[in-house]
Amino acid sequence: MKKRNYVLFTLVSFIWGSCWTIMKIGLQFIDPLNFVAQRFLLASIALLPVLILRRRTLPRDSYTWLKLITLSLIIAVSATLTSIGLLYETIGLSSLLTYTQPLFVFCLAIIFLGERITKIKALGLISSFLGVAMLYIGKSFSQTFLLEPFLLLVLGAFLWAVSIVYYKKFLGHVEPAIINIIQFPIGLTFLLLLVFMTGSLSFCRDTLYIFSILYTSILGSALASTIWLFLIREEEAIVISTSSLIVPVIATLLGWLLIGESIGYDFLASFILVLTGLYLVNMPTSGR
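All residue numbers for the sequence shown refer to our numbering, where the first residue is -4 and numbers rise by one.
Be aware that a few hints might be false.
With a straight-line cut-off of 30 Å between C-alpha atoms, the simulated DSSO-like cross-links for lysine-lysine are [what the hints assert, rightly or not]:
1) Lys114 - Lys62
2) Lys(-2) - Lys114
3) Lys(-3) - Lys62
4) Lys62 - Lys164
5) Lys(-2) - Lys62
6) Lys163 - Lys(-3)
7) Lys116 - Lys163
8) Lys114 - Lys163
Quick list of simulated restraints, FRET-style, between CB atoms [unchecked claim]:
9) Thr59 - Leu146: 30 to 40 Å
10) Ala128 - Gly167: 12 to 22 Å
11) Leu6 - Leu46: 18 to 28 Å
12) Asp261 - Thr184: 23 to 33 Å
13) Tyr58 - Leu188: 20 to 30 Å
14) Lys163 - Ser257: 31 to 41 Å
15) Trp251 - Leu61: 36 to 46 Å
16) Ile64 - Asp261: 41 to 51 Å
I should point out that these hints are in silico values taken from the structure, not numbers from a laboratory. Every residue gets a Cβ at the ideal spot worked out from N, C-alpha and C, and that includes glycine.
Please put together the full structure from these sequences, using the hints given.
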(Lines of atoms letter the chains of each structure in order from A and count residues from 1; the text may use other names and numbers.)
(Lines give C-alpha, C1' and ligand atoms only; values in the text may rest on other atoms or scores of the structure.)
Protein backbone atom coordinates (compact mmCIF):
# COMPACT_ATOMS: atom_id res chain seq x y z
CA MET A 1 0.00 0.00 0.00
CA LYS A 2 1.35 3.44 -0.90
CA LYS A 3 2.41 5.64 2.02
CA ARG A 4 -0.28 8.25 1.26
CA ASN A 5 -2.96 5.58 1.01
CA TYR A 6 -1.75 3.96 4.22
CA VAL A 7 -2.22 7.28 6.02
CA LEU A 8 -5.71 7.65 4.51
CA PHE A 9 -6.61 4.09 5.48
CA THR A 10 -5.43 4.69 9.05
CA LEU A 11 -7.59 7.82 9.17
CA VAL A 12 -10.68 5.98 7.88
CA SER A 13 -10.14 3.08 10.29
CA PHE A 14 -9.89 5.44 13.25
CA ILE A 15 -12.95 7.44 12.17
CA TRP A 16 -15.10 4.33 11.68
CA GLY A 17 -13.74 2.69 14.83
CA SER A 18 -14.40 5.78 16.95
CA CYS A 19 -17.85 6.26 15.39
CA TRP A 20 -19.16 3.31 17.42
CA THR A 21 -18.37 4.98 20.74
CA ILE A 22 -19.65 8.36 19.55
CA MET A 23 -22.86 6.80 18.17
CA LYS A 24 -23.37 5.02 21.49
CA ILE A 25 -23.14 8.38 23.25
CA GLY A 26 -25.50 10.07 20.78
CA LEU A 27 -28.11 7.34 21.15
CA GLN A 28 -28.44 8.19 24.84
CA PHE A 29 -30.09 11.49 23.84
CA ILE A 30 -32.43 10.50 21.01
CA ASP A 31 -34.13 7.44 19.50
CA PRO A 32 -32.27 5.44 16.80
CA LEU A 33 -34.68 6.33 13.97
CA ASN A 34 -34.29 10.07 14.48
CA PHE A 35 -30.54 9.63 14.97
CA VAL A 36 -30.05 7.80 11.66
CA ALA A 37 -32.38 10.21 9.81
CA GLN A 38 -30.35 13.18 11.03
CA ARG A 39 -27.11 11.43 10.09
CA PHE A 40 -28.39 10.91 6.56
CA LEU A 41 -29.57 14.54 6.38
CA LEU A 42 -26.20 15.99 7.38
CA ALA A 43 -24.32 13.52 5.16
CA SER A 44 -26.54 14.58 2.22
CA ILE A 45 -25.75 18.25 2.89
CA ALA A 46 -22.03 17.53 3.20
CA LEU A 47 -22.00 15.68 -0.14
CA LEU A 48 -24.19 18.23 -1.94
CA PRO A 49 -21.23 20.05 -3.58
CA VAL A 50 -19.98 16.72 -4.95
CA LEU A 51 -23.48 15.93 -6.25
CA ILE A 52 -23.59 19.27 -8.09
CA LEU A 53 -20.16 18.64 -9.63
CA ARG A 54 -21.05 15.07 -10.67
CA ARG A 55 -24.66 15.71 -11.78
CA ARG A 56 -23.85 15.00 -15.43
CA THR A 57 -22.77 11.46 -14.55
CA LEU A 58 -26.05 10.61 -12.81
CA PRO A 59 -28.02 7.74 -14.40
CA ARG A 60 -30.66 8.73 -16.95
CA ASP A 61 -32.86 5.64 -17.23
CA SER A 62 -35.73 4.85 -14.84
CA TYR A 63 -34.68 1.19 -14.45
CA THR A 64 -31.35 2.18 -12.90
CA TRP A 65 -33.03 4.71 -10.63
CA LEU A 66 -35.46 2.06 -9.40
CA LYS A 67 -32.52 -0.16 -8.51
CA LEU A 68 -30.77 2.76 -6.82
CA ILE A 69 -33.85 3.49 -4.72
CA THR A 70 -34.06 -0.16 -3.68
CA LEU A 71 -30.38 -0.22 -2.75
CA SER A 72 -30.69 3.01 -0.74
CA LEU A 73 -33.66 1.63 1.20
CA ILE A 74 -31.74 -1.53 2.08
CA ILE A 75 -28.81 0.55 3.35
CA ALA A 76 -31.12 2.84 5.37
CA VAL A 77 -32.85 -0.11 7.05
CA SER A 78 -29.49 -1.75 7.78
CA ALA A 79 -28.16 1.43 9.43
CA THR A 80 -31.32 1.77 11.52
CA LEU A 81 -31.25 -1.84 12.76
CA THR A 82 -27.58 -1.48 13.67
CA SER A 83 -28.28 1.70 15.65
CA ILE A 84 -31.14 0.04 17.54
CA GLY A 85 -28.90 -2.91 18.39
CA LEU A 86 -26.08 -0.60 19.50
CA LEU A 87 -28.45 1.22 21.86
CA TYR A 88 -28.95 -1.97 23.90
CA GLU A 89 -25.66 -3.81 23.36
CA THR A 90 -22.00 -3.07 24.00
CA ILE A 91 -19.81 -1.33 21.44
CA GLY A 92 -17.50 -4.33 21.10
CA LEU A 93 -20.25 -6.85 20.44
CA SER A 94 -22.17 -4.46 18.14
CA SER A 95 -19.17 -3.65 15.96
CA LEU A 96 -18.05 -7.29 15.80
CA LEU A 97 -21.48 -8.57 14.76
CA THR A 98 -21.83 -5.80 12.19
CA TYR A 99 -18.47 -6.67 10.65
CA THR A 100 -19.57 -10.26 10.08
CA GLN A 101 -20.97 -8.74 6.89
CA PRO A 102 -18.25 -10.36 4.70
CA LEU A 103 -19.51 -13.80 5.79
CA PHE A 104 -22.97 -13.01 4.48
CA VAL A 105 -21.49 -11.49 1.32
CA PHE A 106 -19.56 -14.71 0.78
CA CYS A 107 -22.66 -16.90 1.20
CA LEU A 108 -24.87 -14.66 -0.96
CA ALA A 109 -22.20 -14.38 -3.65
CA ILE A 110 -22.12 -18.17 -4.00
CA ILE A 111 -25.89 -18.23 -4.55
CA PHE A 112 -26.45 -15.10 -6.64
CA LEU A 113 -23.09 -14.33 -8.24
CA GLY A 114 -21.89 -17.86 -8.87
CA GLU A 115 -18.68 -17.44 -6.87
CA ARG A 116 -16.82 -20.59 -5.87
CA ILE A 117 -16.23 -21.83 -2.33
CA THR A 118 -12.76 -23.02 -1.32
CA LYS A 119 -11.60 -25.06 1.65
CA ILE A 120 -9.91 -22.02 3.20
CA LYS A 121 -13.03 -19.89 2.86
CA ALA A 122 -15.21 -22.69 4.22
CA LEU A 123 -12.86 -22.95 7.22
CA GLY A 124 -13.16 -19.20 7.71
CA LEU A 125 -16.94 -19.44 7.61
CA ILE A 126 -16.93 -22.17 10.27
CA SER A 127 -14.50 -20.23 12.47
CA SER A 128 -16.59 -17.06 12.39
CA PHE A 129 -19.82 -18.99 12.94
CA LEU A 130 -18.31 -20.64 16.03
CA GLY A 131 -17.21 -17.21 17.26
CA VAL A 132 -20.71 -15.76 16.89
CA ALA A 133 -22.19 -18.88 18.54
CA MET A 134 -19.80 -18.43 21.47
CA LEU A 135 -20.86 -14.79 21.76
CA TYR A 136 -24.52 -15.79 21.83
CA ILE A 137 -24.03 -18.60 24.36
CA GLY A 138 -21.89 -16.39 26.59
CA LYS A 139 -24.42 -13.55 26.48
CA SER A 140 -27.39 -15.88 27.04
CA PHE A 141 -26.12 -16.71 30.54
CA SER A 142 -26.14 -13.03 31.45
CA GLN A 143 -29.15 -11.75 33.39
CA THR A 144 -29.17 -8.60 31.25
CA PHE A 145 -29.13 -10.45 27.91
CA LEU A 146 -31.73 -9.38 25.36
CA LEU A 147 -32.17 -11.53 22.26
CA GLU A 148 -33.76 -8.83 20.09
CA PRO A 149 -30.77 -6.42 19.90
CA PHE A 150 -28.44 -9.34 19.13
CA LEU A 151 -30.68 -10.44 16.25
CA LEU A 152 -31.11 -6.86 15.00
CA LEU A 153 -27.33 -6.44 14.78
CA VAL A 154 -27.00 -9.71 12.84
CA LEU A 155 -29.88 -8.68 10.55
CA GLY A 156 -28.25 -5.27 10.04
CA ALA A 157 -25.02 -7.00 8.98
CA PHE A 158 -26.98 -9.31 6.67
CA LEU A 159 -28.72 -6.37 4.96
CA TRP A 160 -25.37 -4.60 4.57
CA ALA A 161 -24.17 -7.73 2.77
CA VAL A 162 -27.35 -7.80 0.67
CA SER A 163 -26.66 -4.22 -0.43
CA ILE A 164 -23.14 -5.16 -1.58
CA VAL A 165 -24.27 -8.20 -3.57
CA TYR A 166 -27.26 -6.25 -4.95
CA TYR A 167 -24.91 -3.53 -6.16
CA LYS A 168 -22.57 -6.03 -7.82
CA LYS A 169 -25.43 -7.87 -9.54
CA PHE A 170 -27.66 -4.99 -10.66
CA LEU A 171 -25.69 -1.74 -10.45
CA GLY A 172 -22.17 -2.69 -11.46
CA HIS A 173 -22.36 -0.16 -14.31
CA VAL A 174 -22.85 2.73 -11.87
CA GLU A 175 -19.79 4.37 -10.32
CA PRO A 176 -19.42 3.68 -6.58
CA ALA A 177 -19.02 7.44 -6.04
CA ILE A 178 -22.49 8.03 -7.49
CA ILE A 179 -23.95 5.39 -5.19
CA ASN A 180 -22.30 7.12 -2.25
CA ILE A 181 -23.68 10.54 -3.23
CA ILE A 182 -27.32 9.63 -3.81
CA GLN A 183 -27.90 6.88 -1.21
CA PHE A 184 -28.18 9.39 1.64
CA PRO A 185 -30.95 11.67 0.28
CA ILE A 186 -33.01 8.68 -0.90
CA GLY A 187 -32.54 6.90 2.43
CA LEU A 188 -33.36 10.15 4.25
CA THR A 189 -36.72 10.43 2.47
CA PHE A 190 -37.64 6.90 3.54
CA LEU A 191 -36.47 7.45 7.13
CA LEU A 192 -38.40 10.71 7.48
CA LEU A 193 -41.57 8.90 6.41
CA LEU A 194 -40.93 6.29 9.11
CA VAL A 195 -40.24 8.99 11.70
CA PHE A 196 -43.55 10.75 11.05
CA MET A 197 -45.45 7.44 10.91
CA THR A 198 -44.07 6.14 14.20
CA GLY A 199 -43.69 9.35 16.19
CA SER A 200 -42.36 12.80 15.49
CA LEU A 201 -39.14 14.43 14.36
CA SER A 202 -37.05 15.48 17.34
CA PHE A 203 -33.66 17.06 17.87
CA CYS A 204 -31.52 17.35 20.98
CA ARG A 205 -29.63 20.58 21.64
CA ASP A 206 -27.14 19.04 24.03
CA THR A 207 -23.57 19.88 23.00
CA LEU A 208 -22.47 16.26 23.31
CA TYR A 209 -25.28 15.11 21.03
CA ILE A 210 -24.55 17.80 18.44
CA PHE A 211 -20.91 16.70 18.40
CA SER A 212 -22.00 13.07 18.04
CA ILE A 213 -24.32 13.68 15.10
CA LEU A 214 -21.85 15.98 13.30
CA TYR A 215 -18.95 13.55 13.77
CA THR A 216 -20.82 10.43 12.64
CA SER A 217 -22.52 12.08 9.66
CA ILE A 218 -19.84 14.38 8.22
CA LEU A 219 -16.72 12.42 9.16
CA GLY A 220 -18.14 8.90 9.52
CA SER A 221 -20.56 8.88 6.58
CA ALA A 222 -19.57 11.57 4.08
CA LEU A 223 -15.78 11.93 4.41
CA ALA A 224 -14.76 8.40 5.39
CA SER A 225 -16.92 6.69 2.77
CA THR A 226 -15.52 8.99 0.06
CA ILE A 227 -11.93 8.21 1.09
CA TRP A 228 -12.84 4.51 1.23
CA LEU A 229 -14.00 4.56 -2.39
CA PHE A 230 -10.76 6.28 -3.38
CA LEU A 231 -8.75 3.55 -1.62
CA ILE A 232 -10.76 0.78 -3.29
CA ARG A 233 -9.90 2.36 -6.64
CA GLU A 234 -6.21 2.88 -5.82
CA GLU A 235 -5.40 -0.37 -4.02
CA GLU A 236 -6.39 -4.02 -4.29
CA ALA A 237 -9.92 -4.42 -2.96
CA ILE A 238 -9.00 -7.60 -1.10
CA VAL A 239 -6.21 -5.79 0.79
CA ILE A 240 -8.52 -2.96 1.84
CA SER A 241 -11.36 -5.33 2.72
CA THR A 242 -9.18 -7.56 4.90
CA SER A 243 -7.44 -4.62 6.56
CA SER A 244 -10.81 -3.11 7.51
CA LEU A 245 -11.12 -5.85 10.15
CA ILE A 246 -9.13 -3.47 12.37
CA VAL A 247 -12.30 -1.34 12.75
CA PRO A 248 -14.06 -3.55 15.36
CA VAL A 249 -10.73 -3.84 17.20
CA ILE A 250 -10.49 -0.04 17.45
CA ALA A 251 -14.18 0.20 18.38
CA THR A 252 -13.80 -2.35 21.18
CA LEU A 253 -10.69 -0.70 22.62
CA LEU A 254 -12.26 2.78 22.56
CA GLY A 255 -15.43 1.42 24.18
CA TRP A 256 -13.25 0.02 26.95
CA LEU A 257 -11.11 3.16 27.33
CA LEU A 258 -13.78 5.87 27.00
CA ILE A 259 -16.95 4.25 28.35
CA GLY A 260 -15.51 1.54 30.56
CA GLU A 261 -17.09 -1.43 28.81
CA SER A 262 -15.71 -4.72 30.08
CA ILE A 263 -13.81 -7.14 27.85
CA GLY A 264 -14.04 -10.70 29.19
CA TYR A 265 -11.99 -13.71 28.17
CA ASP A 266 -15.03 -15.29 26.52
CA PHE A 267 -15.50 -12.19 24.38
CA LEU A 268 -11.81 -12.15 23.43
CA ALA A 269 -11.98 -15.81 22.36
CA SER A 270 -15.07 -15.13 20.26
CA PHE A 271 -13.45 -11.98 18.88
CA ILE A 272 -10.37 -13.89 17.72
CA LEU A 273 -12.46 -16.68 16.14
CA VAL A 274 -14.64 -14.22 14.22
CA LEU A 275 -11.75 -12.05 12.98
CA THR A 276 -9.73 -15.13 11.98
CA GLY A 277 -12.71 -16.42 10.03
CA LEU A 278 -13.23 -13.06 8.35
CA TYR A 279 -9.57 -12.96 7.36
CA LEU A 280 -9.76 -16.43 5.80
CA VAL A 281 -12.97 -15.60 3.93
CA ASN A 282 -11.34 -12.44 2.53
CA MET A 283 -8.16 -14.22 1.43
CA PRO A 284 -7.63 -14.00 -2.33
CA THR A 285 -8.06 -17.20 -4.30
CA SER A 286 -4.81 -18.12 -6.06
CA GLY A 287 -5.18 -18.30 -9.79
CA ARG A 288 -4.29 -21.38 -11.80
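Holds or violated: Lys(-2) and Lys114, Cα atoms, limit 30 Å. violated (34 Å)
Are the Cα atoms of Lys(-3) and Lys62 separated by 30 Å or less? With a Cα-Cα distance of about 35 Å, the restraint between Lys(-3) and Lys62 is violated, given a limit of 30 Å.
Range hint 20 to 30 Å (beta carbons of Tyr58 and Leu188) holds or violated: The hinted range 20 to 30 Å holds for Tyr58 and Leu188, with Cβ atoms some 23 Å apart.
Supplied distance hint 31 to 41 Å, evaluated on CB atoms of Lys163 and Ser257: Distance hint for Lys163, Ser257 holds at roughly 39 Å.
Next pair to validate is Lys114 with Lys163; report whether the Cα-Cα distance is within 30 Å. The given pair, whose Cα atoms are some 24 Å apart, holds under the 30 Å limit.
Assuming the hint says 41 to 51 Å, is it satisfied by the Cβ distance from Ile64 to Asp261 or not? With a Cβ separation near 42 Å, Ile64 and Asp261 satisfy 41 to 51 Å, so the hint holds.
Taking only the CA atoms, is the gap from Lys163 to Lys(-3) under or equal to 30 Å? holds (27 Å)
Go ahead and decide if the range 30 to 40 Å is satisfied by the Cβ distance of Thr59 to Leu146. The hint (30 to 40 Å, Cβ to Cβ) holds, given that Thr59 and Leu146 are roughly 33 Å apart.
23 to 33 Å was suggested as the range; check whether the CB atoms of Asp261 and Thr184 agree with it. Violated, since Asp261 and Thr184 (Cβ atoms, about 42 Å apart) do not stay within the stated range.
Is it true that the C-beta distance of Ala128 to Gly167 lies inside 12 to 22 Å, as the hint says? Violated, at about 34 Å.
Going straight from one Cα to the other, do Lys(-2) and Lys62 come out at no more than 30 Å? violated (37 Å)
Pair hint outcome, Lys62 versus Lys164 [Cα-Cα no greater than 30 Å]: holds (11 Å)
Of the numbered hints stated above, those contradicted by the structure are hints 1, 2, 3, 5, 10 and 12, listed in ascending order.
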